[in-house]
Every structure is written in C-alpha cells, then in structure tokens.
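Using the sequences and the accompanying hints, generate a full structural model.
The primary structure of each chain is shown beneath.
Protein chains: 2
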Amino acid sequence: MKQLETKILESGKVIGDDILKVDAFLNHQIDPVLMAGVGKAFAAAFKDMGVTRILTLESSGIAPAVMTGLEMGVPVVFGRKSKSLTLTDGLYTAEVRSYTKQTVNEIAVSKNFIEKDDVILIIDDFLANGQAALGLKSLVDQAGAQIAGIGIVIEKTFQPGRALLVEQGMKMVSLARIEKFEEGRVIFAPADI
Amino acid sequence: MKQLETKILESGKVIGDDILKVDAFLNHQIDPVLMAGVGKAFAAAFKDMGVTRILTLESSGIAPAVMTGLEMGVPVVFGRKSKSLTLTDGLYTAEVRSYTKQTVNEIAVSKNFIEKDDVILIIDDFLANGQAALGLKSLVDQAGAQIAGIGIVIEKTFQPGRALLVEQGMKMVSLARIEKFEEGRVIFAPADI
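From first to last, the protein sequence lines stand for chains Y and G. Residue numbering for the first sequence follows the working numbering, beginning at 1 and increasing consecutively. Residue numbering for the second sequence follows the working numbering, beginning at 1 and increasing consecutively.
A hint or two may mislead.
Claimed, not checked - To give an idea of the chain Y side of the interface with chain G (calculated C-beta under 10 Å), a few residues:
1) 63
2) 70
3) 80
4) 110
Said to hold, decoys possible - In silico BS3-like links for lysine-lysine, alpha-carbon gap of 27 Å or less:
5) Y:40 with G:7
6) Y:21 with G:111
7) Y:101 with G:13
8) G:101 with G:81
9) G:111 with Y:81
10) Y:7 with G:116
11) G:13 with Y:81
12) G:180 with Y:101
13) G:180 with G:101
14) Y:81 with Y:116
15) G:81 with Y:13
16) G:21 with Y:81
17) G:111 with Y:13
18) Y:116 with G:7
Think of the hints as simulated: they come from the structure by calculation, not from any bench. Ideal Cβ positions, reconstructed from N, Cα and C, are used throughout, including at glycine.
Here it is, written out as structure tokens:
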C-alpha cells in the first residue's frame, strides 16, 4: 500500500537493528485518514470470504480494525491484554510472549463475542514473531469459529511471524512489508497488495 | 443522539444501581457504523472551534475518537494507562482515580504529540466521576495547549463528573445522558445534541 509506505518513510523512526517506531501515526498518535485507507485495503483483500466479525488486540489494533469493520459492515472485537488474569469465567484466553519486551501477557476475549458460526478476520498493527497473531488465532479456535485470514498493517519480513502463520494455513495480507533496515533507512519488500 | 440511545436500550446491561455495561458495542465489541455516527455528531458539535488534535484514552476511547478525527481531518492521540510509570522522560503524566475499581492509574502522553499551539478536543467513552477527563485535561494543561471542549459518548448525570468539568469552564457535549436506572431499565435525561 503505497500511501502507507510513504508515511513510514516520512514519519517512522528506525531504532537499532530491528525496531521501527510508528508512534506518529499508528501506535500513539493515529492518522485517521490513513487508517480509513488501511480499512478499505483490508476490506477489498478479504471481500467475498463471508467475514462476520473482526478480531484485534488493544490498543494499536483498534483503529485499523474499526475502519475495516466500517468498510465491511461487521462488528469488531478487541482482545484485552493483562499481566495475569484471575477471573477467566466467560473468557477465552491465550498467552502471548513478547520477545522485544521479554514479557508474557495473557490476552482474553469474552465468549459472548466469538461464536462458533463466525468467520473471523484477524487484524493487527505489527507482525514480527507472530506471537500475538497466534494468540488471537487460539481465541478463535477455542470458540470453534473459522478464520478468513490475517490482515497486518506492517510486517517485518526478517522475523519468523509469517512463516509460522502460513504453515498453519492462514491467508495473510500485509499492507507494508519491511525487508530490512539499512543505516537507519527502511527497505521494503513487495507488499501483498 | 437517538441512534445511540436506541442501542443502549437494546444492548446495554444495567448491573446493580449504577453500572451500565456496553461491552456489546463500545467497550469490548465495537459497532463501527454507530461509531461513525458518533464521530459525525462530535465533529458537528465542535466545528468552527479550530480543533487541531483529538486526545483520548486507551482503549475504549479510541474508536469514537478516530471516527471524529476522520470527520474533522485532524490526528488523534491516545493516552496510555499504566499501573505505575518508571520512565517518564518525554511524557506528560497524570493520576486517575477509579472509584468503581478502587485503583489509581497513571496516564501518559508523549510530549511530541501535544504542542503548545494545539487546540485539543478531548473525547472519552464514559463520564461518571470525571476523573479520566480531568486527567486528560491535566495533560493538555501541562503542554500549555488550549482545550476546545470535551465530547463524551455516555454520561451518567447522577455522578459528579459534569459539574466538576463545567466548573473549570469546559464546553461539554454528551451524546447520551443517563438520568438513572430504574428496575434495571435506563432512563435518559435530554442529551446535549
């Protein structure tokens, strides 16, 4: 997605060898017009797949997911993150390891909001090691629902996330795919759309 | 806002004397079409006020804030919640007490994303005791920016939030105003628009 790649080049900040900060338009400040474009792109990529609901993760997944939901006319559910859950009645839960932060979070979604006849589109802001996406997939699996695919705003292709997800038969669409960082600059791989 | 009141009556759940759960369309599952309507309503209410940025709080404020930002053509920043912040360099921070949960959270926003010549519209999902809104106001005050006003999706009029904010000279617009709960039913006060 050209508009997104341009924004990454203009406003993204490369930190060290493998971190891209996009606080200026996705993870802290949000560019709503760009997000509307992201929503349109995901809706086009997953149309005709019978999507009934979108599942994402708080907080940075919410803006792209809601714009996609608006475009597709389906509700959006966001999984909640928690250090440790004490009450899990009525929830589907999964553990998500963060390699960057060296933490394990639990994520949870109410059983009321994923039903077994749902066809779920998973949306997330970043794909690196794929742990968050696998956690979201686990929530859908626990509900016995189907997964239409996974839409990722920014993928780091040099980390193993995509391979793990494709191995499990997931249809994956990333709007910007980063091949590497070179002297603080972002080098893109061809995007999926 | 009629469409919002109807949704509250259809899908909200009254718990005890003073809690309304709107997990079905705002706080966990999100209705994107309703949120687009919320965004249009706030944009109309605060037009011609020179708004340059919207400030909200993760996670439930993000959807209504982003839809408002899309309509007004301005960026959205979401404050982050944290149990306790150890690193506050580069952040404006404030304490927010939750009377319901008996906790104190810190909220924070990067100094990069509120500037002193900004005119900020604060958006939040709920107004009860007004503590979150006052915390957001404090972040804006620390930056030396102006506040255009506060947009609230659902206000509980029987709690002191509005009085506290109006006392400080804030323009307030609530899209649904709850007067009371009566035998598990929601009774509305006239909304601001």
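Cross-check of the supplied hints:
1. 63: OK, holds: residue 63 (chain Y) within 10 Å of chain G, min 5 Å.
2. 70: Status holds, d = 4 Å.
3. 80: 7 Å, holds
4. 110: At about 6 Å, which falls below the 10 Å cut-off, the nearest Cβ of chain G leaves the hint on residue 110 (chain Y) intact, so it holds.
5. Y:40 with G:7: 26 Å, holds
6. Y:21 with G:111: 15 Å, holds
7. Y:101 with G:13: 37 Å, violated
8. G:101 with G:81: 14 Å, holds
9. G:111 with Y:81: 25 Å, holds
10. Y:7 with G:116: It holds: about 24 Å lies between the C-alpha atoms, which stays within 27 Å.
11. G:13 with Y:81: It holds: about 23 Å lies between the C-alpha atoms, which stays within 27 Å.
12. G:180 with Y:101: 44 Å, violated
13. G:180 with G:101: Between residue 180 (chain G) and residue 101 (chain G) the Cα gap is close to 20 Å, so the pair holds against 27 Å.
14. Y:81 with Y:116: Holds. Residue 81 (chain Y) to residue 116 (chain Y) sits at ~23 Å (cutoff 27 Å).
15. G:81 with Y:13: With Cα atoms ~23 Å apart, residue 81 (chain G) and residue 13 (chain Y) stay inside 27 Å; holds.
16. G:21 with Y:81: It holds: about 19 Å lies between the C-alpha atoms, which stays within 27 Å.
17. G:111 with Y:13: 16 Å, holds
18. Y:116 with G:7: Holds: residue 116 (chain Y) and residue 7 (chain G) sit about 24 Å apart, inside 27 Å.
Checked against the numbered hints listed earlier, the structure breaks hints 7 and 12; every other hint is satisfied.
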